[in-house]
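Participant: As a plain string of letters, each chain reads:
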Amino acid sequence: MSDFAGMEDLLQDFLQEAHDLLSDVDNKLVDLEKTPDDRGLLNDIFRGFHTVKGGAGFLNATELVTLCHLTENLFDRLRNGEMELTPELMDVIMAATKGVRDMFGELGQMVQPQAADPHVIGALQGALRGELPGAVAGVANESPAAAPAAANAVPGEPDWAAMHAAVSGQAAEGELMPKAAPVAKAESAAHAVVAPVPAKEAPSPFGRRATDRPAGQPTATRRADERARENTIRVDTSRLDQVLNLSGEIGLTKNRLTSLRADILAGKNDAETLHALDQAVSQLDLLVSDLQNSVMKTRMQPIGRLFQKYPRIARDLARQLGKDVELVLAGEETEVDKTMIEDLADPLIHLIRNAVDHGVEMPEERAASGKSAKSLVRLEARQEGDHIVLIIADDGRGMSAERIRAKAVDKGLISEEEANTLDERQSLNLIFLPGFSTKTQISDVSGRGVGMDVVKTNIQKLNGSVEIRSEPGKGSVFIISLPLTLAILPVLLVLLGDQPFALPLSLVREILPIDQQRIQEVGGKETLVVRGEVLPVVSLARLLGWPLERPPEYGVFMQTAERSFILGVDSFAGRDDAVIKSLEDFRPKGVAGVTTLSNGQIVLILDMKELLADLGQHAEAGNALRALDFV
Amino acid sequence: MAGDPKTRFLVVDDFSTMRRIVRNLLKELGFTNVDEAEDGAIALQKLQGGGFEFVVTDWNMPNMDGLTLLQTIRATPTLKHLPVLMITAEAKKENIIAAAQAGASGYIVKPFTAGTLSEKLNKIFEKLGQA
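Protein chains in written order, with the working numbering: chain F, 1 to 631; chain L, 1 to 131.
Chain F with its partners taken away, still in its complex shape:
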C-alpha cells in the first residue's frame, strides 16, 4: 500500500503540521543539550515523535512509523530516567530527527519513504538494548573534540558529518544549493507532470525514486518540494471572521449609498440627505481601510516560524567547525508578511552561517582574548513603526574596515584611490560587492564569495535595506530593515510640469526648496551643501530624459542604500498610500509600477535604483560621473 490517491489533502495537512512539530522538536533538542534532565522537554519531544507516528500510521508510511517509534521509545526511557542522555546518544537522536525530516520530503513528493539509514536504525536499536551508542561504528565520531577530524573521514568508517549533511541537506545547504539548483528545477518539472496522475500509475514508487533522485543531492528535491507547499497559509479563524464581518458591514454601507443615490437622482438634495451621504461615505472610508488592514493581517505570520529552524542549523554548523555557539532568538512573535518570510529564509540562513563561520572565533582564540569560550549569536526581530527590523549580532572578532578595503583592492573590486576615500561604513559595505569574501581560503561551510551580495539583493527586492556595524574584537551586527507589507507603498507625489510621479517614501529624508544661488558646481556637476554634507543635485527631468524646461524649484533629499542625493522636481503634491499595480508585460525602465490617485489619474511609481543605474552608465560614457561618486 503506497497509494496516496484520495489522501492528497490529508497528506498536505499532515506534512504542514508535522513539519512545524518537527521544527519544534529540533529546537527542543538544542535546548535539551543544555539541560539534559529537563523532564518537560523530554516529554514534549517524546510527544512530538509520538504524534508524527500516529499520523504516519494513517498514511501507511510504515518506515516513518518505525523510525518515530524507535526514537519515541528512546525518549520514553529517557523521561522515565531509565537511560542517560550522552552526547553520543544525542547524535543518534539528531540523525534520527533528520531522517524523519527527509522522509517528510519524500512524502511531499507523494512517494512512500524508503527505510531509514540502517546505521541510524541500528544505533537506535542498540541504544534501546542498552548498548552504548559509542560502540556503534562512527556515531561517536562527531563528538566536539573529534569534529574537525570527522571532516577527513576515517577510512572504513562512515563520515557522519557528511552523512548528516546528505540526509538533511541542512548543514551543507549553502554549498549544495548552487550545484543542485538545476536539479531542483528538473525535479519540480517532473513533479508537476507526475502530480496530477494518480499514484496508481506508478505501482512501484519505491523503484521510481531511485531513478528520480540523483544520489547525494536530496537537498534539491526537498527544497523544490518546500516551494511547492508554500501555497497554503494557516490563518487564525478570528482574523478571517473579522474580514467576513467587515465585508458584511461594507455591504450594508453600500446598500445605504445605493438608496441615497436613488434619493439624490430623484432630486432630493436637502441638508439631511447630504449629511447622510457624508456619513455613509466616511463610514465606507473607515471600513475599507479596516478591511485592507484585516486582509493584510491574514497574510501576517509570526517570524518565529522561520526562526525556529535556525538554532539547529547554527548548532550543527558550530559543531562541524569545532566552535561553541549559542543562537539566541528574540522577538519570534513579530508578524511579517508571508511572502516576505519566504524570501527572508535564505538571506537569514546566510547571515547566520556567516556569523558562526566568519564572525565568531575558535574557542582557543576567544580564551586568548579573554572572552567566554561560548559565543553568542543573536537573531532578533521587532517592529519599529511601519518597519520590521531584523538583527543578526555576534560577539566575535568584528570586521576591520582596513582589511576589507585591502581585500577589495586586492580582488580588483575597487581601485586604491577609491579605497582611500571610503569611510568606515562604506568600507564595511564593500562586503556586499559581488565576488567579495573576507577569507582568502574558501571555507567549505559558508564562504564561496557568492552570498553577501545575494543577501543584499534579496533584501532590496523586498524594499528593505541592510546595514552593518562592527567593532573589532567585540563583534558585528547586521541590521535588516523591511517595510511591513509589500502590498501598500507609502509614496511622495512629486510634479514635473503638471505630470505627477510617485517616489517610495522610505527613500525620502526631507524636502527642501532649491535656491539656484546656492548651487555649486563641483567637478562639473551640480551640488548643494545640506548641513555640511555635499550632495549631488540630479533633476528628475534629466533622469527621465525629458527636456529641462526650467531649473527645479524643490529638492527631495533621497537616501538609498548606496547613495544620498537631491532629486530636483518642479513641485510636489503630497503623500499617498499607493496600491501598486505591476506592469507585467510592459515595464519601462525605471518604473516600478503604477497606482491610481483618488481623482482617477494614473501615476507611475519610479524605481530610483534603476533610474540612477541608468544615469551612472550615461555618465560613465560621457566622462562626468562614476557610480562611486555617489557613495
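Read the hints as simulated data drawn from the structure, not as lab findings.
What you are looking at is a predicted structure, and each value in this text was computed from that prediction instead of being measured.
Mixed in with the good hints there might be a few duds.
Calculated Cβ distances over 10 Å to all of chain F for the following chain L residues [to be verified]:
hint, residue
1, 18
2, 29
3, 89
4, 126
Sample of chain L residues at the chain F side, in silico, Cβ under 8 Å [stated by the list, open to error]:
hint, residue
5, 14
6, 20
7, 62
8, 64
9, 111
Even for Gly, the Cβ is constructed at its ideal location relative to N, Cα and C.
Assemble chain L onto chain F, guided by the hints.
Facilitator: What follows is chain L alone, placed relative to chain F:
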C-alpha cells in the same frame, strides 16, 4: 443499534490532522455533528458547556492528557455518563488496563479504518442501549 446520526461528538486531539482524520471517518459512518478540542483542558471546558453525547479522545496531549480527561469526566456528576472512546498509538497492556480502570467505554489503536471505528462505536452504542 447503529447510533443516532445526530449524536453530538467531541473529538479531542492536539494534532489537527488527526482530528480531521477522525472527523472524516465519523462522517463516513454518518455522524456529522462533530466538534473538536485541542487538548483535555479545552475539551473539558466545551463539555461543561453541555450538549455533547460522545467523546473520542487521544491519549497523549499537552496540558491535559486523555487519561486525565477521562478521569475528570468520570468524576464530574454532570459528565460521568458520557461514553468516552480512547485513541492511542500503543497497544500496550498497561495502557489498556489504565484506560479500562479509569472507565473508558472503548479503546482503539492507531491507525484504524472506518470499519474498525464503526465496530467500536456500535459496541458502545449497544451497551448504552442496554443501560
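Participant: Hint compliance check: list the failing hint numbers for this structure, sorted ascending.
Facilitator: 1, 3, 8
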